[in-house]
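Given chain A, put chain B in place with the hints provided.
Protein chains: 2
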Amino acid sequence: MAEAGRRRARGGGGAARRAERTAIHIETAKFIERKIPNLEILNEEALSIIEENAETVLAEVGVNFVECPEALELWREAGAEIDGERVRIPRGLCRELIKTAPSSYTQHARNPEKSVEIGGNSLVLAPVYGPPFVRDADGGRRYATMDDFNKFVKLGYMSKYLHHSGGTVCEPTDVAVNKRHLDMLHAHMTLSDKPYMGSVTEPSRAADSVEMSKILFGEEFVDQNAVMTSLININSPLTFDPIMVGALDVYAKAGQGCIISPFIVGGAMAPVSVAGTLTQVLAEVLAGIAYSQLVRKGAPVIFGCFVTSIDMNSGAPTFGTPEASQILYGAGQLARRYGLPFRSGGGLCASKLPDAQAAYETAHTHNAALLGGVNFMLHSCGWLEGGLVSSFEKFVMDADQLGVLHRLAEGIDMSENGQAMDAIREVGPGGHYLGCEHTQANFKTAFWKTDLLDYKPFETWHEEGARDTVTLAKARVEKLLNDYQQPAMDPAIREALDEYVARKKAAEPDAFV
Amino acid sequence: MAEAGRRRARGGGGAARRAERTAIHIETAKFIERKIPNLEILNEEALSIIEENAETVLAEVGVNFVECPEALELWREAGAEIDGERVRIPRGLCRELIKTAPSSYTQHARNPEKSVEIGGNSLVLAPVYGPPFVRDADGGRRYATMDDFNKFVKLGYMSKYLHHSGGTVCEPTDVAVNKRHLDMLHAHMTLSDKPYMGSVTEPSRAADSVEMSKILFGEEFVDQNAVMTSLININSPLTFDPIMVGALDVYAKAGQGCIISPFIVGGAMAPVSVAGTLTQVLAEVLAGIAYSQLVRKGAPVIFGCFVTSIDMNSGAPTFGTPEASQILYGAGQLARRYGLPFRSGGGLCASKLPDAQAAYETAHTHNAALLGGVNFMLHSCGWLEGGLVSSFEKFVMDADQLGVLHRLAEGIDMSENGQAMDAIREVGPGGHYLGCEHTQANFKTAFWKTDLLDYKPFETWHEEGARDTVTLAKARVEKLLNDYQQPAMDPAIREALDEYVARKKAAEPDAFV
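Those protein sequences? They're chains A and B, same order as listed. For the first sequence, the working numbering begins at 1 and goes up steadily by one. For the second sequence, the working numbering begins at 514 and goes up steadily by one.
For reference, chain A alone in the conformation it holds in the complex:
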């Protein structure tokens, strides 16, 4: 961190200093440190059964590492039984191997104030990841572009309760598949100063992510610190593919953080039951995290869990359902049992519109993620239509809701001031508290305040146009984008990033698949 700090302080000259002087201070809340307990829905017996069953799955069924000869060799050396691409892992081996994985780690941001701690009682909030489409109130649903991507990064930068800039906030489909990671990383690095995620769609793109991070943070700093947390999906059931394993190799060797995450639509990629799904999740994550430690002991990794259920009528995935919440709560308990940071989804929903369905589903997932002990909440804002769409309005709607989670996580203030006995004595039966001393001293910070929702009296609301949440959100998107000011950056670093992207883009022809 110190080096990154020095680089910023040293470099830049007049332009950077002018930019810093005129910059609006954008407030970003510190990552959440929970002061409330987690909800534990499984008892010790249930946890033991799932653990035992997962060991059985690993030992008897095994996992496939497809087209990963080096990975198979690492597993063989570690004592697993290799049969073609199948890796059967003796009972207890994964548990032994994962002991070197840290229980928490710091992911550094270029702005040191925005670095985050991932693990323990922390909760880091990151935006939607992956949708090929965007939706806004005026334009409806359409393929996402780099222009959309930049806007989401700016909205993320402007969102107080979002700690992380994320990764593929939408797929910029107007940029070649083999080059868009360069533009995406460049956007996160230059349009925001929050921590970000690296590319995982090719090992070479993961390598680009590391290289560009070295330009931003300095080579030595990146060698010694985690500056990215990237998303390695397991091809459930029980399959690791060469793309993801290759990206994991790059990041683990570089000491960069990875989420090892089953990607499961329950009933399709895992059993239709919650306990069965948890068993498979645990087996997959244990194999993935153990593998990461074979690549490099101590590589920072997160116990990931992305599980939803299926609508058995249409075959479509559902989100924000009770089974998804149960799996989240259970997986959180398993992650804590192994002393690993935990990731699960945030504002997940299946609705096509940012309407009541979307909000019910999102709030269920938000609550479960907070109370289930999630440390890294991907998709915490902006996710729509089962992850096919990044919604501008829903981004700011959900981002506002993240303030609710911050406040809830603070727990109850039991100080003398919190107890408010003087106020109760002062007001007495039949009085009112609006004017009392305690209220005057505390009202500014007593309650969570929305930046979006409408609490005005009916008449005022009606006179102002009877706006619904989406209409209010549309106005807020416009305001935030208008108010946006780019965070200052050392021009030399900016130039080097520009040059890297230009050089890499020129080095190969565009690919669109």
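FYI, nobody ran anything at the bench for these hints, they're computed from the structure. For each residue, glycine too, the CB sits at the ideal point set by N, CA and C. Among these hints, one or two may not hold up.
[As the list claims (entries may be wrong)] Partner residues aside, some chain B positions facing chain A, computed with beta carbon under 10 Å:
1. 569
2. 727
3. 960
Same frame as chain A, now just chain B:
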């Protein structure tokens, strides 16, 4: 129960039998019996502090019983210090007096299958209570009428996950204030067969509620069983008014259930801090429940808590906020500490429309109520605009969501079938579970199923008109009201109820205040 059963079986003749033969079977889920733990956000030290502070409030500040000479006399005899209307209650006295209050009780329905248990690990879901306005998608917001009231009772009867018909599902403003309770009770008794609430707006109206219940259930049965749970609000801070105390007297003497509930907008009727509010809530509830036991030892009562926060900018109440959730969680712990059934709000929201704001707020409250150990959830569906409006669309939207709570409360099935090890073995790495034996055997009941929300693929949804949640809800309201069939009732009972209402209405002139 037996008597009520016999009366139904005996009475009625041909018309009733024909009605029973042609009746559609309306499915009603059994009240929830939680198999998951509650979330405990306060530790023992915090609980002790609040308890100690509440005793201090009762002993030093006291509560007012306004214009209630008989209540003051009961308190005096019990050992309290009376000073005008102020009742100061020595430390420990309330704790002693409330020992006779049952930790749970059965509220009987005229259909014995729909009787509910209130207390312990149960959760009984009741609809919105109290709004003077209604809203629907076509007509917008307007004063509620008896026709609206009847429709809400019918919707409640048709809602699978709603266990209780409620009370004032909206205020029928087209009926005289001194007579509308008769029509409301008549509607609950004849249009539904679920349990209901009695009138509390005058002691005489509470007496009418008891009388009409005796017609419905038989006098002896009502003398020996609780057939109503009614809402006694405390006039916070620390004030009991003669109307509510009078109604409580009637119900307690009749052995009927009452919710003793502070009604608090935090910052106005209680301190602006959560711990201070919890202290006041506990003092008020202890006084109210202790009083109920002075009226009749063993009278069934519920620890009520209706608390929200205030928007310090507009002074308007807010709902679904983190402070409201904290208070709900804390109050639930206090109720359990005293071994009392617990009531808190359900689908509370401040939004003027059944939009995303409404759904976020409602889902927060639903989750907190489930995880906070609520036994009786009033307002679990249909509540809008801070309780000023009963919304038809939101009623069916929320009622659908109550299915989520049912499923979540079931916990995780850890049976052999739930563990699904055979399925994992059968499918193996890279396979899929859609066709496997375990999925085929379980898919029909594996996942919660919505009756409302849309999980169809985008293209199908788009072809069907790209309907949002409110549009889907509007269609569902129409369908349920079309499908509605009145539950069978002994014509002799029906006639007696009609006669009672007509006689009481004729006995005094209409009053409109």
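Tell me the numbers of any earlier hints that the structure contravenes, in ascending order. Number 2 only.
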